Structures are given as structure tokens and as C-alpha cells.
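Guided by the hints, dock chain B onto chain A, whose structure is given.
These protein sequence lines map, in sequence, to chains A and B. In my numbering, each number is its position in the first sequence, counted from 1, plus 10. In my numbering, each number is its position in the second sequence, counted from 1, plus 127.
These are computed hints drawn from the structure, not numbers from a lab. Accuracy of the hints is not assured; some may be wrong.
Stated by the list, open to error - Just a few of them, taken from the derived set where beta-carbon distance is under 10 Å, the chain B residues facing chain A:
#1 Ala225
#2 Asp522
#3 Glu529
#4 Lys551
Predicted, not measured: the structure shown is a model, and the values here were computed from it. We put the CB at the ideal spot given by N, CA and C, even for glycine.
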Amino acid sequence: MLKRVHFPTSPLPYFLVAPQVIITLIFFIWPATQAVYQSFLIEDAFGMSTEFVWFENFVYLATDEIYLDSFGRTIFFSICVAFLSMSLALILAGFADRVIKGTTTYRTLLIWPYAVAPVLAGALWVFMFNPTLGIFPYILEFLGVDWNHYLNGSQAMSLVIIAAAWKQIAYNFLFYLAAMQSIPRSLIDAAAIDGAGPIRRFFDHIFPMISPTTFFLLVINAVYAFFDTFGIIHAITQGGPANATSILVYKVYNDGFVGLDLGGSAAQSVILMFLVVAMTIVQFRYIERRVEY
Amino acid sequence: MKAPKTLFSAAVALAMTAGAVVAKTEVHWWHAMGGTNGERVDKIAADFNASQSEYEIVPTYKGNYTETMTAAIAAFRAGEQPHLVQVFEVGTATMMAAKGAVYPVEQMMADSGEPFDGSAYLPAVVSYYQTPEGQLLSMPFNSSTPVLWYNADALKAAGASVPTTWDEVETAAKALVANGMDCGYSFGWQSWVMIENFSAWHDIEIGTKENGFTGFDTEFTFNNDHVANRLQAIADSQKDKLFKYGGRRGDSLPMFTNGECGMWMNSSAYYGSIVKQAQFEFGQTMLPLDTGVASAPQNSIIGGATLWALQGHEADEYKGLSKFLTYLSSSDVQAWWHQETGYVPITSAAGDVSEGQGFYKENPGTDTATKQLSLNKPTPNSRGLRFGNFVQIRDVINEEMEAIWAGNKTAQAALDAAVERGNKLLRKFERSAK
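Chain B with its partners taken away, still in its complex shape:
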């Protein structure tokens, strides 16, 4: 009676030990990439797992950006956090402020003895996520930047050329409308495109303290004449149908793809959607320059998400994670990710690989984003921004900008109000981040 029981427990014990020997060290990665991009994330993880036998990356889809970030924070408070979490760029300040919660990736890789060469990365991509001293805090994963999309057929029919300055945008828009188009141009993600990137492109600051990089006591300054004049000019041109507002985020995309508007300023990552939807020849070019503000463009700033390592795990697991990040930033993986998704490659080597494979020849214009980001060495005004509560602040900016388009406020009044409301939210963040 007793013997089988002992035998059984011995077998169980044996099975468990065997399991422990075989089991790889698991590293958990929470991400926000649904649909096709989610499958690509799974493929990256699976390829890494197949490439070595010690570690296993376990990717988990946690919903959209906000949901993923909230889930990771809740998990951290409960002591159940993943090793790696994908956070969108506006969450950067929140993550940074949580000093004991995040493990800066550059430091993690150094601690794990994994080689890391900061100069291999595109400066405009990594500078967004560096400390003022230049230490990389999180690993850029999916990044894009706004470009000017144009309907080549419509421009040709109207006898207009591809614009490089705002004056030329106006001329082209007039020609398009005169040729029977409903509107000249539109844009989406308006805070990102028309305030954040407009400022960086012309090397003017968005807020004090190097756009928030050097202190939480930063204040907004985007209610300056340059931004106000540009937005006012855009608002005034609505009466001639040169500009038409089409909603927040990417809501105005159909206006471009169905031929209503001839030009559209928004993320380079819309490439896939435009290829699928547009029934005309299209192209992408760099954002227009406001010659009244600067004589040459600086560089644009990115949007998208990065991967943050969270504290509270074993050194061995961080070692696996460091190896994975090295794999992730290798040229082949990056080139593949860039060509499949339209996101910017994070290293210059990955761009060279794509070039060598003839990707840019076959798909002209797809390197515009990279070129635009690496046009110049980023200045304190153009390496990005770091403001707390920025999710809500973007909403405030959206509301005030919509008031301009609706003609309820002048550009100056709306921007003043946005700065005042935004500063209140910054002060609130400063309190909580102390």
C-alpha cells in the first residue's frame, strides 16, 4: 500500500527536477501591438527564442497603449510586473519620474555585461529617450515622424510642384482648389504635427527647461508669435478652402485617400494604409519650412513607443532581456520591421540594409522619415519633449486648436489658453513626481 505512494511522489519529484533543468528563463514582454503588428511582434520573439536556448521571451498583448501602460503600473503596484513593457512616447515623463520602478536600459545592459553602442542608433530617435547626460532610458521600438503626403496626380493636373515651404504649400493648395479640388491640405495628430514638430523643425522651444528634459518645473512657451502666426494663417485660409480640418488623430486620412484634399501632413507610418486605399499616384516629402521663422529646417521629432525595463527581477532575467534587446536592434531585425511596418529603423545600419536590398528604389519616398529625423544633430529644442500629464495636455491642445478652426478664438488667444491650462497640469505632475 505504501510503496506505490512513495514511488509516485518520487516520480513527481523527478519530473519536477527534470522540468526545472529543461525550463528556460522566462522574460515577459507586455506590448500594445494588435492585429498584424502583433503577429510581427510574436515572430520577433519566436525567432529570438529559436536563436538560443537559455532564455524565452514571452510576448503578451495587453490592449492599446493606455491600457498596456495602466496594466503594467497596476501590476507593478501589486509586485507582478513584467520585465519589459511598451510605452507610448507621451508616457515617457511618467515612466522617467518613477525612478525606483524603471531600469534604464543602457544601465541594465552595462550591468548585464551586454555591449551597447549608443552611436549606432539614429540620434533623433534615441535622444527623445535619453537623460540630459545622454544615458538611454528605454529602447525605441516603433517610431515614426510626420511627413507631407501629396497626391502626385492632382498636383500634376493642377500644374503645381511638390512644396518645400509653407508659401509653396499655399500656392499648391490654391492651384489644387482652382483645379476643382475640395480642399488643398489637411493634417491629423495636430498637437504632434503642428505644435511639437512645427517647433522642432524650426528649432524653437515648446517649453522651458529644454522642453522639460532638465526639470519638472518646466513651463510651456508654444504660444509664441511663430506658432500663432502660422496657425492663424492656416485658419484664415479656410475661407478659400485651402485648409480643411478633418478631426483628431488619423480621422482625416479618408479625406486624403478619397481625393478630397491634395496634401496631408501626418505620420509616415500611414504608408501601409495609403498604399491600400489611394487610387492615385502619391508621394511623401519633408515637412514644409516656414521661411519667416527659420532659413533651414532643423530635424523633426518622433512619435510611437519604446520598451521600458521594470525593476524587481533577477539579474539572470535581465541578462536575457539585454540579449533580446541586442537582437531586437540588430540590422536584419530592424530592416525587416521597418520595411514591413513603415516605422523608422532605429539604427543607421538598418537603413543601410534596406537601401542595399533596394527597398527605397522600389518604394520611393519611404526613406523620407529617416532623412528628416537625421537631417541635423538634434538641438535641445528638437530632440523631443518631456512633459508630465501629456496625455491630458494633448487633449487640451486639441480642444483649443479646434476652437481656432471653428473660428471661436484667434490663434493667439487659443494658444494662450492652451499654455495656461497645460501649465496647470504640469504643476500638478510636478507635485506628484516629487
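Same shape as in the complex, but just chain A:
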């Protein structure tokens, strides 16, 4: 006899997912379509005259040297931020995992920066590195470094990279620590009995075992560096000097809200949107295969 299970159709599940769907539609899908539409327009700020220009805004961007520079800069910035914050978090988690006394204190202190708002984090670094008042330029002067990130583009870039990475270390630390603690103790103990020292154990056992976490964090950190660093850059350098720290997301803001070039700004955000989609697909399709779960 064929067994058939019939579930009565009920509106309840639809009802339950409705809030999520509605929020996604209102705050995500609708603005995204608006951005795509806007990117085909050349319009004055007040919306008094509008001209439909198809892909002209995109063509302009493709030939705009400053935009192309910003592209390269963003990739450099993201790689630096992701590498710096993930590697430091990994080291810290490695140590925190081995701490026996005062574990909670260490962990709390290390997680703390995550609770700081990006703009506040930025303000903090602005004070510490202010060329005339800050403590770091004062110390650097003894080392013969003339620190002035208002004029020196590479110094400004290093500063925003450090600030952005610092902010994200706490988050990465949390995930790495949890991952390390879920590794069965017996594996590590067995390795120790076989004569592997702490460093050998870390590279041969712990690091491969936490590779899914590393992969996950890579995605998260890339997205963070691309989008969430706006507040930090706005507070520290405002994209300057001479666009040295103007990454893509900052340029979208600057062209749209300061320059009031809405079409060009929308075109940039559309490109950014496709970039993230592409990045995520690549990461999941190609990199994830090499990760052992």
C-alpha cells in the first residue's frame, strides 16, 4: 500500500516568512532597482531635468582614470585589511586558546573593539595620529619618520588599513577561538605525544581543521572591507589626500552626496553590486571546493 502523507495547506508559513520577504523587498530589492534605473539617467540634483542616456554613465566611468585608480586601490585596501585582521586574529586566538588563567578577561578585552562604532573607531585613530597633537607622530619622530597623513597618501592609506583591520580583529578572533575550541582535544594531545611542538601542532593540525572558518571569514572580511569601512574612512581621511584613500564605496558617497552627480554615483553602486555578487560566486564555487570540512 502506498503511503501518502498529506499536509493541509495552511497560510501560516507564508504569513511567518512575510515580514522577512517584505523587509527584503522594501529595503533591498526596491532600492536596488531604483539604483539600476538611476544609473541610466543624467539628472540635475533637484530632479528638474532628466535625460535617459542608456549606458553613458558606465562608459564615462570606464574611461575615467580616477575611477579606475579607485578600483585598484580598493582591491589593495581589501586584501590588506582582510590579511592583517585575519592573521592577527588567528595569532591572538591561538594564544588565547592556550591561556589557562584569566581566560575570560583576555577574551573580553579582545572582543571589546567590536562594540565600537566605526566612526568612533575612526575618531580614536584620528586623535592618536594627528600630525600636530597625536602621540604616534611624536613617537615616530624619534625614529626619523615625518608623519603627516594629511599630505602623504601612503601614510593615509596605511592608517585607514590599520584602523579598519583593528576594528575587525575582534570579530575574527571570536570565530577563530570558537573554531579552535571545537577541535577535539584528543587530536591535539595525540600530536603532542608524537612529539609535535605547539607551532608544529598549530600549522599541521589546528590551521587545517579551522579552514572552513577561515573561508567564512574571508568572505565576511572582504565584504567588510568593501562596504563597512566607509565610516572609518569618512572620519579619518575623507578619501584624501588627493583621493589616496578614496575606495569605491567612498567614491559613491562623494560623487552622489557631495558632488550631486546622481547618475554617475548610481552607476558606481550598480557596478559595486555586481562586483559583490561575482566575488561571492567565485569564492563559493572555486575556493570552497578546496576547503576540507
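Chain B in isolation, oriented as in the chain A frame:
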């Protein structure tokens, strides 16, 4: 059961009618004046509200200049715009291009039957905001102009006199450095001071079409020999420490106030900060003249912000707004605002009031800005400039000028590049403003 309900609604209806009778017509004013200046704005509004019973001005602080302008534009697109908004001078072209969005103040006052006498205002102040036909588009509110600040103690110690020409600036700077100073002079807001004002002061054009006043199809011409030679001379004098670059906007102010540089060219509105920070006798004088370019100075141009009326409100509200603008430009209010803030008074009468009160005697030099602005009747080259996308263009100019100071480019090459990049942005604006 029913009676109390009816009674209640009657009471509500009564209360509402009473409210409507008492309520004044509200006029909303979005501004960008934070801190102490914000309190002064509130005081002006409160005094106006107390002076009559029909209208109420409601001032709201909306963040810095850019944020205020963006907020007003977003509000306009949503149909929620204020009656009056404060916009900085570089936003002028954007506001002007939005023909259906702004209500030219002179026209608004005429429509509201409010008397308006254009000749009472300082020509150099209002000409920046007039149509080529002379109609005032927005009401100047806080205006300043660059002057030459000098450290009187240091000049005296070095045996130098207060310079009036660029040659004398160099001589004085040499004397200051020889006397042990770190640098002779510096300046801030370099596009405004060294390109826009340098050109106006010597009556040379910044761009075609009367500096953009008569058409959006304007092109920059500030890569001429006069500007290039001056900037090159300044860049060359860096090796003798005569000039030292100290960053954009007012970032170089500490270099002047802590005695590092003996002279500083920047806005007259730094008066308050300099009084507070400088531990030495200081003074302000007119910008130096480049005798190789002109035999006499023309007039300088202003910076700062104006008040724009936005379309889409009731005639009665515009009437209240017109009355407020009349109040705002009255001599007493202007004289008070000028003396408190260091901004230029917008009418000559307000200057006379300050003079009569002995303000200039007690604070010598504080009338330099006014004198400099009203030195001559503004020419098409010196009444101001009207270029779209000018916020970004100023950034471009800043970048290229920094390349000169860093020695990466000659002045001519940098200015050529700035003109080329600037023209691209102008063309983009022309497209959007059609």
C-alpha cells in the same frame, strides 16, 4: 453615555480651532551654523519672532554645508522642502540651474510687496549672487574674503614693513627667515585664495562666459601665464623657506598662530580664532598686488554662504519670509552679526553703524575685508564665479596645486591638468543642467 462623548469631541474641536487662531504662520529655515554661530542664528530668529506676531521663523541645524544642501535637495524631491536654506557659495551654480526649485529672493520680495533696495547692499557681496541682468537670486548671509594676516611683532623684529605687493611679501619673508623664523608665509583654501581671488584681484578671468555667469558652456582659463608665473615663483621660494605649504582649508592656521610663519593669507573670518590663539601682536591687511600683472588691485571676491528660498509654499509664508529677510539685512542685525562673527556686513549701512560704535577703532583692521571687497565696482572678472560641480573642481585644483608644492609638476603643467580635468566636470554639469 453619549453625552460625554459629544461633549468631548466638541471640546477637541474647540481646542483645535483655538489653536488655529493662535498659531502663527511657520517659516522653516535650514542652516549649517553649528556651535556658537548656531546660537547666534537662533537669537536672530527669536528676536524676529518677538518683533511681530504673525510669523514664526523656525531655524533648524542640518549639519555642515554639504549635509544641509543635500538634505534640502532630498527634501525637495520628496516635496518636504523648507522655505529657506543656507547654501555655500560653491553650490550657487547647482542652485541656479534648478530653475523651478528656487524662488529668486528679489522676485519673491517683489511678489510679496516687500520693499527691496539692491543698491543698499555691498556690490561685491551681492554681485556673486545676481543674474547677469542684476536680479538678486539669494540673500547673502555669512560672507568673508581672504586677507593677508601678519605677525606684527615678528615683522618689527625683522625690520620689515607690512607688504602691499608680492615683491614686498618676498622681501618681508626673506627678512623673517633671516631673523630666524621657520617660514615666511603660508596660505589656506588655496583654490579660493590663490586662483579665484588672485584672478579677481588682478582683474583676469578664471573662465570664459564671464566666469560662468552667462552660460553653462564656460571653460576654465586660469592656466594663464599670470597665475602660472606667480605659483611657480611661490614654489621656487620654498627652497629658501619663504613659503611653506600647510594643508587645505584652514589646516595651516596653527603655523601662523604658533609663530612658525610670519604671514598668512586666508579668510577674514579667522579673526576670532586668531584673537584666541595668537600670543603676539597681529594685524590684517589687503592681499598683495602682483605688479607684473596689474598696476592697481581690482576687488576681492567673497566666500561663505547665502540663503535660498525654495518653491512650493503658500504666498502668505513667502510674505513672512520676505519680512524676515528685510529684518535680517537691517543695519542693527547686520552690524551685530558682523562684529560677533567677523563675517562681512552685507550692507554699507551696517558698516557705518559699526564705525559709529567705534568697533573698528577698538579692533583695528577688522574693516579690511569690507574695504577690499568694495575697493572698485566689480567687473565681469571680479564679481565672482559660477561653475557647476565646483565642489569637485576645487578638489581637482587642490590636488594639482599640491603637486606643484611637492615639486612633482611645474606650475604650468599642473594648471593645464587642472583646467583639463575641471573642464570635463563642467561639461558633465552642462549635460545635467540642460
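Going down the list of hints, with the structure as the test:
1. A cut of 10 Å between beta carbons decides the hint on alanine 225(B): the least distance to chain A is about 4 Å, and the hint holds.
2. Look at aspartate 522(B): its Cβ gets to within about 8 Å of chain A, closer than 10 Å, so that hint holds up.
3. With a least beta-carbon distance of about 6 Å to chain A, the hint placing glutamate 529(B) at the interface is held under the 10 Å criterion.
4. Satisfaction of the interface hint for lysine 551(B) is found here, the shortest Cβ-Cβ separation to chain A being roughly 9 Å, below the 10 Å cut-off.
In this structure, every one of the numbered hints holds.
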